[in-house]
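Residue numbers (the working numbering), protein chains in the order written: chain A, 32 to 144; chain B, 869 to 1281.
Everything labelled a hint here was simulated from the structure, so no lab data went into it. Be careful, since some hints might not be right.
[To be verified] Straight-line alpha carbon distances no greater than 25 Å define the calculated SDA-like cross-link-like pairs of lysine to any residue that follow:
id: 1; chain 1: B; residue 1: 1251; chain 2: A; residue 2: 123
id: 2; chain 1: B; residue 1: 1251; chain 2: A; residue 2: 44
id: 3; chain 1: B; residue 1: 935; chain 2: A; residue 2: 104
id: 4; chain 1: B; residue 1: 1251; chain 2: B; residue 2: 1187
id: 5; chain 1: B; residue 1: 1251; chain 2: A; residue 2: 124
id: 6; chain 1: B; residue 1: 985; chain 2: B; residue 2: 1192
id: 7; chain 1: B; residue 1: 935; chain 2: A; residue 2: 39
id: 8; chain 1: B; residue 1: 1258; chain 2: B; residue 2: 1192
id: 9; chain 1: B; residue 1: 1258; chain 2: A; residue 2: 79
id: 10; chain 1: B; residue 1: 985; chain 2: B; residue 2: 1024
id: 11; chain 1: B; residue 1: 985; chain 2: B; residue 2: 1120
Okay, here's what each chain looks like letter by letter:
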Amino acid sequence: MLRICSLVDLPAGEALRVDEVSPPIAVFHTDDGEIFAIDDTCTHQEASLADGWLEGCEVECPLHASRFDLRTGQVDAPPARLGVRTHQVTVTEGEIYVTLSTDPPVLPPGVTA
Amino acid sequence: MREPNSVTIVGASLAGHATAKALRRLGFRGAITMIGDENARPYDRPPLSKEYLAGACTEEELALEVKDEALDAQWLLGVRAVALDVAAMPDVPTHTVRLADGRSVTSDAVVIATGSKARRMPGAVSGVHTVRTLADAAALRSELAPDVRVAVIGAGFIGAEIASTISALGISVTMIEAAATPLAGPLGPEMGSVVAGLHARHGVRLLTGVPVAGLLGDDRVTGVLLDDGRKIPADVVVAGIGAVPAVDWLEGSGVELTPPEIGGGVVCDSVGATSARGIYAVGDCAAWFDDATGRHHRIEHWTDSRDRPAVLVAGMLGQPISAALRAPYFWSDQYGVTIQFAGRRHGDEDLTVEAGSPATDDLLVVYRRAGEPVAVLGMNQPKLFARWRKELSRPRGRRSAELQPLGTSSATP
């Protein structure tokens, strides 16, 4: 398990890019108080999803507005065609931890892990 | 209103496809018929002036449909709709779409999503292109070679992206713009010149304030004749001179259109219903009532064509509308710079540089009217831009004039 940060350091509505792993992941704290972790890189073109628009359980890519479901990693709206990996989140004693997926990452053309 | 049993969607591009997806997502189980005048299944158009033109992506990669989409629609592709017969008796709302090959489709509801078509240069000499469809982009691409000279007429976003793509292939490009400043319409003159400054810095020659008088050459184009008598030699000419809504097939249908001078789109309420019961419109061809401005407004932005269908379908099926419309938004990728703009600009705003500078291609500018932010422009500022865009999409009165903690420094450009 990878320790991300304290829960108090990631307020609701905010996202954090974690680039000490490759490919980087993004951890989101939704307005409803849930924490999700997905791969940070949009599968369409290189962009950080942590920089995107978080609304409900969806994040919209800051570049070309593809939408991903944080719960499943699936694409909800184009132009992306492929989903991102999701990672398991655990919150223990006010600390956020992530267990990285062992699936192969899905990265946009020209980007390697 | 009674839920329809069958829906015909005229137009199989972004807005039409998103309509079909929204219908299934919201549980519609009736018949869906998709009519498209191109042979291709729904595809993404923005890459046509960029990656696809550069040969960096394939036709398959442009597909909008994803695996296991299960739209369960009947597809009539490669055939144009030529007329719409609106049901005579409103209580029996069965409408008929008539097709160019003589076939017709009847249904309880019709969604007009025929989009827009590129304005083309008068005269039909070869070597003159516009880029609207896959076939258009493929035709232009087939003419590109290192020793050709390309002239692009119109320095709007499509023209600018095409110039950027072609010049990156090592091909000489001249852009010709009738207005004194490119992009003055969408961005205003100050920011228009900033964004247009990218051309010069990347070796594209930009001629402004010079209308085009005509094309040179008999069978094949040899250049562009300017109003002031200058001749710009060119082996290939690309016209990026705007688009008009594809609504001529609605003539005689009784479906109301806005006057041509304000866009000529299909008049709709704020959820896409037209003046005729059971007939809806969405995408480039539709002029929805905009609650923010109090008038009908045709929007040609990609994101609106993608997002409005979900609102339309919720209204059609009598379901609550889950997401409010966001501030109008578009982007353009040129010379490795992502340009993003969101909001509604009238032309009387004060502009403030919130971050970056034009010299480093990382500008973020906020447009304020009476102190209230109404629009935002970003160049390679995706994170900050996303925050401002979200802020601008909040209902009026709940916006802050400054964005904390990111909106800190300010200076007048």
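Are there hints from earlier that the structure breaks, and if so, what are their numbers?
Violated hints (numbers, rising): 1, 4, 5, 6, 7; every other hint is consistent with the structure.
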